[in-house]
Amino acid sequence: MRPQETFGHDVDLQSPAGVELEPTPPEKTPKSARQIVWTRRRRALLGVWRTYKRNRKGMAGLLILGFFLVVALVAPLIASSEALEVTCECNGPPFSPPSLDFLFGTDNFGRSILALTVWGARVSLTIGLLATLIAIGIGALVGLTAGYWGRWPETLLMRLTDWFLVIPFLPLAIVLASILGQSMGVITLVIGVTSWPQTARIVRAQVLSVKTRPYVERAQALGASTWHLVTRHILPNVGPLILANTVLTVAVAILSETTLAFLGLGDPLTISWGRILEFAFNAGAAGSGHWWWLLPPGFAIVLVVLAFTLCGFALDEIVNPKLRKR
Amino acid sequence: MRRYVLGKVLQAFLTLAFVIAFNFFLFRVVPGDPAALLLRGTSAFNPDTVEQLQEDLGLNESLPVQFLIYVQDTVTLNFGESFFGRGAPVAEVIGHNIWPTLLLVGTSTIASTILGMIIGIYAGWKPGSRFDVGSLSATLFLYAMPEFWFGILVLMAFAGGVGPFPAIFPTGGYETAASDLTGIAHVVDVLNHLVLPWTVLTLAYLGEYAIIMRNSLIDIMGDDFIQTARAKGLREKQVLWRHAVPNALLPTVTLTLLYLGFVFAGAITVEYVFSYPGLGSLTVQAIDGNDYPLLQGLFLLFSAAVIVANLLADILYSYLDPRVRAA
Amino acid sequence: MRHSKAKLAIAFALVGALASGAFATVALAQEGGGGGGDESVRFTWASTGEPSSLNPMSGYLALDFYFWTPSYHLLVDWGQDFGVEPFDSEGSGLATDIQVSDDLMEYTYTIRDDVMWSDGTPLTAEDVAFTLNLYKGNHAYLPQNYLTLIDGQVEVVDDYTVRWRTKEPTSLYSGQAAYMYDYILPKHIFEEFEKPKQFENVPNVASGPFMITEYEVGQFVRMEQNPEWTGPEPYVDEIVWRAFKNDDAMVEALRQGEIDFAYFTSPNIFNTAAELENVETMVGSTPSFSEIGMNTGSAYQEPDGAFVPHGDGHPALTDVNVRRAIRMAIDSEQLAESIMLGYAEPGTTIIPPVSVEGARWEPTGDELMEFDLEAAKALLEENGYVDSDGDGVREMPEGSLDPGRPLEFRYYARTSEQVTVDAAEFISEWLAEIGIATNVEAISSGRLGDIINEGTYELFSWGWIPDPDPDSALDWFTCDQRPPDGKTYGNNDSYYCNPEYDRLFDEQRRALDPEERWDIVHEMQRIYYNDAAYAVMWYEPLFAAWRSDRWTGFVPQPTPEGDPLEGWGGPAEVWWKLRPVGAGGGTGGGSDTGGIPAVVWVILAGVVVIVAGLLVFRSRRATEDEV
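Line by line, the protein sequences give chains A, B and C. Using my numbering, you'd call the opening residue of the first sequence number 1 and step up by one each time. Using my numbering, you'd call the opening residue of the second sequence number 1 and step up by one each time. Using my numbering, you'd call the opening residue of the third sequence number 1 and step up by one each time.
Isolated chain A (complex conformation) (with noise of 0.2 Å):
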């Protein structure tokens, strides 16, 4: 189980970080300023590209990232999803170590586990980054909310946070389990509501720093409306920062579905990673010394999970200029 880095956005602390973006223009005629706007954000964005570049440890993430997703995409053309079944014709002897005819060899139904690991990567990118969409959904709303509005809506949201985060997850999963059944979509659920605290934590915190800046201020003196303070100034101060703190629940979305599958509550039904260390740990691939039944699942977890992570360090550097090597 693995919290969320936070990397001195500790949220108690307060402290603003996040970039300053230029807040947009308030309108002066309505085609023009729409292109401007437009403009300015590709500007933007093409910026923060060509920062990114330049951090080493966010390409190497992203090189490994892409990697993966080719892998997942191309999978049927690399092994056949027949070789899935354990009734397919083309396994091999079982428990057999790496061999010219199955690189990473075979598990205890003789199935390759090089088609096991590469379509494995669906199901484990697929729920990760599902679930880190609920989580990052449900966190920014609830940030928003409780930093914009404040006053009992605060309290209340925070309460309920506070109350998210203490819940073992662990437990909790397992009887959401047993309740919902175990499916992908279940699985992906459990994972996604239990880790949006976090994020909720980190966005209320930056929304109550932009709040408090002076041309928010401004604006609201000037009369300007709910919808129109956070979609023009909160949200676009917020973004990087959401953006940065999705990239690394990702990763730990798929360190929790690993977890859960290995202790056996993943689908049944689906082959994901985490799933693979399960048949191998419980066909005592340990004790046998079956090392190429657990290396491959082991590694790709390990290195997709890193890759996330780089991927998120370096976003954060960018929007956290203090964390940039001097």
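The set of hints was computed from the structure by calculation and includes no laboratory data. Cβ coordinates follow ideal geometry from the N, Cα and C atoms, glycine included. There's no promise every hint is true.
Just so you have them, the derived chain B footprint on chain A, three or more residues with Cβ under 8 Å [said to hold, decoys possible]: (1) 151 to 163; (2) 259 to 267; (3) 306 to 313.
Based on the hints, put chains B and C in the right spot on chain A.
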């Protein structure tokens, strides 16, 4: 300040109360009748016996009555009786298993905190240096690695013996069972069994603390008062140890407390891999056996521990950060 | 500056000390080895799981029985091959003579007079009568099932004689088979309790060769020789059962000599154990089977007594031909081969191979529904289940309960048993080939239990552990055992109801002549097999492995390949026949660790500290220069 602390304590109590209620309803919503599940497949499985077992397990009362009994019991620290283990009181069963977990989690948390902080200090001190990059890479790698996978590899290597690795450690357990060791021999035996899971758990979380410390330090090194200290003519070493580190220590320590919940979760899988008879293994066992009273008790214990840790972190924080103190 | 240097040095010294201390303790542990007396002969065996209770009144797991077989007696016991252990032999039950009245409603048992409890009290008829009444009166979970036919109380006639009457004529207590699986408990101990079911029974007062002396939940159970045991003296002084969390750890412990004997559940890991040096293995069969159950018509049967039709099972399964086709589409041999690595016996009838001598019937020749996809397809075609729209799935014929409805079935596997999921993958493919579509879902056992009660399923995967005597197993499939109303339990999870079967069930309970009884029991099995409400996949194997260089004298039950520790019945012979090989047998608890000697570890630790220290000082010197 006192008002702040009181406020936080009150919040903690509220959260705890919420957890207690949630705990109760959560396990009542789970489908399937525990009594039936326990007996199914044996020749004892028939409606009469199931009903009898339901009664013995206290499942026959109406839900509100059960809830009231539950609350009353919890307040008097009576957590019911476990469904297995000869109907032993949950408190007793947990009590039996708590020491190994305390030993494992306690010692590894201390070790990984200290080691992690030391590494983080040196990395943050010279960001970009070889040590920084090297240690950052290593800790990143450890962070990305599922701790139970690491545990399995270690188990395979040092207890199973694969390839060049010697099998020198026991494969699990807290001590050599039913062996009447006392004194030093007992301590040695326990330590012998502790080495592998301890190593795994320590290394698994070391990275987090290192990174936090590193980044906190970097953050702080950019602050004004550091420039002032330097301008005053203090050597870098003094600046580091007398000014930077104490300020970086605070967020690190509080975050350590906040991470306690995750360390527990990590302990669950590591204990499972090493058959280490602590609360983690107990949790997995309780799940397999649909032992709801036990799960409830464990759930409550973990939540309470995390609530207390959070509370301590908040209080500690408020005490040391003047900005919050003044608020 | 000096301060920080000192601080760091101290920090590293501490870490180094911790490290070398750890290594040193490891070294010590290896050399010293564990404790355990040199004089006491201890046999350590292990399994996963945990006893549900050591009190025969409340235990219901197979594991519990291993602590009762050395401690207690039955009235009539099983022999090594599940025949009746002859009265008055060393390992027999308490009964020496059984008198049955002509109307089959009164039983008089005479018991031995030479059995003593471990606290010196003699075992008498008082204990027998008290125990049986105790089980009945307190709804003891397992034991009371064999006493339901007893009318009223069991009476003491004299010190060594008991008598009771039954509610209906029956031959079950006649001693032709060991039916009453009731361990006799000491009256003077159990009568003290208001709630005897909650008594933990540790330490216990025993009548067998061993008594339970210690129980650490989640760790071990210790048993020691009973000084008052009047039978042959065991070689073993102490029996210790150790709890393990998984099979993997057990293999290691077996290899290193931490344990002497282990029961495995995973065939894969068992194979690993089988390859170890000095380890002998045995694959027996447990009296249990795994099946695919079918909903034979919870929604379509007539109301009958408490039973009302409920649920929404597919009507096709009310047709025995469809069920037989499914049976023929399941290759038990392939399943046993692939999933159980060939260790399980392919399944046919509901009475497993391990059962009371004579009870089992086996289908042969034409009656045997072998795996034959073509024959299954033909059977469905003949009965009008054709695929008229060419989508690969057959539909129900004209004139049936629901004409034109495609044969699409819900199939539930259980998340807690990976083998059911693995089997589902095979079976759904075979069924697809014969034109039956299945929708496989893996759910928790709790939810499946609810679904079965509700009748909202077609196929599911579960298992049973019958008693050696077939009566209890056969009872599960009688009409009145069906879940009656959508909410309440019933054993009969296939909703099978056949009046002929029920009639035969009553008859076998009254057949005094064993041959006659077995004939009826065989007929019942034939009927049930042909009606195919269950497709029995396999019978669970029992995996045992032990250190043959240390122990010998195991008594497999049944022979030749059974349970080496004789987990069924009363005092098991194995407990006095088991002995160490040669002089120095038994576990002293030491570990046979081959490995790097201790000295090397201590040196390694020292090197680590030195290197760490050098690194630190070097880097510090560098940074100091930078100022």
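Do the hints match the structure? See the list:
1. Check on the stretch 151 to 163 of chain A: 3 of its residues sit with their Cβ under 8 Å from a Cβ of chain B, so the three-residue criterion for coverage holds.
2. Given as covered by chain B, the stretch 259 to 267 of chain A passes the check, having 3 residues with a CB less than 8 Å from a CB of that chain where 3 are the minimum.
3. For the stretch 306 to 313 of chain A, the proposed coverage by chain B is satisfied: 3 residues have a C-beta within less than 8 Å of a C-beta in that chain, meeting the threshold of three.
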